Amino acid sequence: MNASQTLIALWTLVLKEIKRFTRIWPQTLLPPSITMTMYFIIFGNLIGSRIGEMDGFSYMDFIVPGLIMMAVITNSYSNVASSFFSNKFQRSIEEMMVSPMPNWTILMGFVFGGMSRGLGVGLIVTLVSLFFTRLSVEHAWLTVLVVVLTSALFSIGGFINALLADKFDDISIVPTFILTPLTYLGGVFYSISMLPDFWQGVSMLNPILYMVNVFRYGFLGVSDIPVGWALTAIFAFIVVLFGVALWMLERGKGIRS
Amino acid sequence: MAEPALSIRGLTKVYGNGFHALKGIDLDVEQGDFFALLGPNGAGKSTTLGVVCSLVQKTAGRVTIFGIDIDKDFAKAKYHLGVVPQEFNFNQFEKVEDIVLAQAGYYGMSRAEALPRAEQLLKDLSLWDKRHGSARMLSGGMKRRLMIARALMHRPKLLILDEPTAGVDIELRRSMWEYMRRINREEGTTIILTTHYLEEAESLCRNVAIINNGDIIRNTGVRELLAELNTETFLMDLAHPIEQLPEVEGYEIRQVEPTQLAVVIDRGQRLNDVFKVLSEEGIQVISMRNRSNRLEEMFVSMVKGGQNTEVRS
Chain A
1 MNASQTLIAL WTLVLKEIKR FTRIWPQTLL PPSITMTMYF IIFGNLIGSR IGEMDGFSYM
61 DFIVPGLIMM AVITNSYSNV ASSFFSNKFQ RSIEEMMVSP MPNWTILMGF VFGGMSRGLG
121 VGLIVTLVSL FFTRLSVEHA WLTVLVVVLT SALFSIGGFI NALLADKFDD ISIVPTFILT
181 PLTYLGGVFY SISMLPDFWQ GVSMLNPILY MVNVFRYGFL GVSDIPVGWA LTAIFAFIVV
241 LFGVALWMLE RGKGIRS
Chain B
1 MAEPALSIRG LTKVYGNGFH ALKGIDLDVE QGDFFALLGP NGAGKSTTLG VVCSLVQKTA
61 GRVTIFGIDI DKDFAKAKYH LGVVPQEFNF NQFEKVEDIV LAQAGYYGMS RAEALPRAEQ
121 LLKDLSLWDK RHGSARMLSG GMKRRLMIAR ALMHRPKLLI LDEPTAGVDI ELRRSMWEYM
181 RRINREEGTT IILTTHYLEE AESLCRNVAI INNGDIIRNT GVRELLAELN TETFLMDLAH
241 PIEQLPEVEG YEIRQVEPTQ LAVVIDRGQR LNDVFKVLSE EGIQVISMRN RSNRLEEMFV
301 SMVKGGQNTE VRS
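These protein sequences, in sequence, are chains A and B.
All residue numbers in the first sequence are consecutive under full-length UniProt numbering, ending with 257.
All residue numbers in the second sequence are consecutive under full-length UniProt numbering, ending with 313.
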């Protein structure tokens, strides 16, 4: 395929993915918006008003970046995991496999699709948050960069999960038992400076902590960890996981007998 | 001489559980041919086609499509290939038009090029009225036609049809045959067909390979194969039920129903001898037809004794 044909193929797949999650918006776009609104009302407003300040900001202002990031992570991941696995399950992945599309195009197509949903939901949650607080952005480019990279990283993660999955249960195990706990313990609702030294050390092993903190730094200008180091780590994870996903795809893992 | 549309040499497939699905098969399909790949369930037909389409990884062997080695440039080879699989493999929730347009996109066709092509194919296959509907609302026959339209979007030179008319009613099957004949005749598309309806292979195909237990046990022309058929069975419908089976020396006659006889005729024998005896006994025949497809008889006899009659031509 020449460059122009490859771009057409990639755009076709991305558009198809976007159509898919917008067609089923009551399952994909609405639930996270409602859930996050509940978080804003209950944690931000009702409980938050009694908590007081966190790192020098109102509790509502503190949790908004974390909640946006939480929505981006879970939606990016679950979009690719469920869409790719559905394609495997219905065998419609064969449409792509018999075509001359390079494997990296297939991978990028699904990843861009996941990013579209993750970032789309992130935008919706951001807009919802404006009903509860006045958002200020200290470092706009950094904020955009980290949310885009995080979305890409978890989209690739969802892709690998779907490649390895044999049944629908397999694509819910990682989000339920790994992603959700790591997100909740990733400094979304609290600053790790509140934790004893030991648990601060343990928290530093949680990759989501870095993403949430850099994102929060973009909004508020405060972070528990060095920003440059976190960005490097996110980028390195993307490169490694992209390589792993592509390698699995080339070998036909989970899709070729 | 033109490169074969498909050339397979020493193709071997051993699955992870140790099952030898293909045992080093050789096969050539010439350009413009209408070719049948026949065999019982589990013989290796779908595995062979799966390797050609990149859905199955081969263990050993060489496959070329119009001279392009799939190990060297599979992407280029895939441009020549259209695939209609045995089972529905599209997203049932997508619109008919979106399914065919997406397939064109995967081959790098621009939307401006794909739209008229989709219109032409959907009209040819009587799906135009359904283009805005969800694929899951289509009948089984329509879904099969949708897969044919999808496979033809990028104008492949080699079309692989894996049991394309399975579960399709007779009328629709005949119209699909006509369509396949047309694209083979008018557009020169090489077609490889697997089917369990041997009447389909006999009616459509010029050449045939029979595969059994991972080996090709026969590869020849359909006419040549039929010429080897030594016996043919005719069903005779009688005007009145008979109580006693007529006996004609040298002929095998069986009673299928009270008003139906099956007469097996060997090569060189004449039906006149049978009619003469029937007339003498006052048995009136009101109609007569072949009991079954002739190729089917040949196929059954070959597959039953397949292991002992391996012939490659």
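Keep in mind that the hints are not guaranteed to be accurate.
Here are the simulated SDA-like pairs of lysine to any residue, each with C-alpha atoms no more than 20 Å apart in a straight line [as the list claims (entries may be wrong)]:
(1) A:LYS19 / B:GLU178
(2) A:LYS88 / B:VAL56
(3) A:LYS253 / B:ALA60
(4) B:LYS72 / A:THR6
(5) B:LYS76 / A:LYS88
(6) B:LYS72 / B:ASN89
(7) A:LYS19 / B:VAL56
(8) A:LYS253 / B:ASN89
(9) B:LYS143 / B:GLU178
(10) B:LYS76 / A:THR6
Treat the hints as calculated values from the structure; they're not laboratory data.
Here the structure is a predicted model, which is why all the values come from computation and not from measurement.
Practice problem: Verify the proposed pairing of LYS88 (chain A) with VAL56 (chain B), using a straight-line Cα cut of 20 Å. | Solution: holds, 14 Å
Exercise. Would you check the hint for LYS19 (chain A) and GLU178 (chain B), treating anything up to 20 Å between C-alpha atoms as holding?
Key: violated, 36 Å
Practice problem: Quickly compare the C-alpha distance for LYS72 (chain B) and THR6 (chain A) to 20 Å and report which way the hint goes. | Solution: holds, 19 Å
Exercise. Given the hint that LYS76 (chain B) pairs with THR6 (chain A), test it: the Cα-Cα distance must not exceed 20 Å.
Key: holds, 13 Å
Quiz item: Going straight from one Cα to the other, do LYS253 (chain A) and ASN89 (chain B) come out at no more than 20 Å?
Solution: Satisfied, since the Cα-Cα distance of roughly 19 Å is no more than 20 Å.
Self-check item: Pair hint LYS253 (chain A) and ALA60 (chain B), alpha-carbon separation not exceeding 20 Å
Solution: The hint holds at about 19 Å.
Exercise. Would you check the hint for LYS19 (chain A) and VAL56 (chain B), treating anything up to 20 Å between C-alpha atoms as holding?
Key: violated, 30 Å
Exercise. Please work out if LYS72 (chain B) and ASN89 (chain B) have their alpha carbons no farther apart than 20 Å.
Key: violated, 27 Å
Exercise. Decide if the proposed pair is consistent with the structure: LYS143 (chain B) and GLU178 (chain B), CA atoms, cutoff 20 Å inclusive.
Key: Roughly 18 Å between the alpha carbons, so the hint for LYS143 (chain B) and GLU178 (chain B) holds.
Self-check item: Straight-line alpha-carbon gap LYS76 (chain B) to LYS88 (chain A), limit 20 Å
Solution: violated, 24 Å
When each numbered hint is compared with the structure, violations occur for hints 1, 5, 6 and 7.
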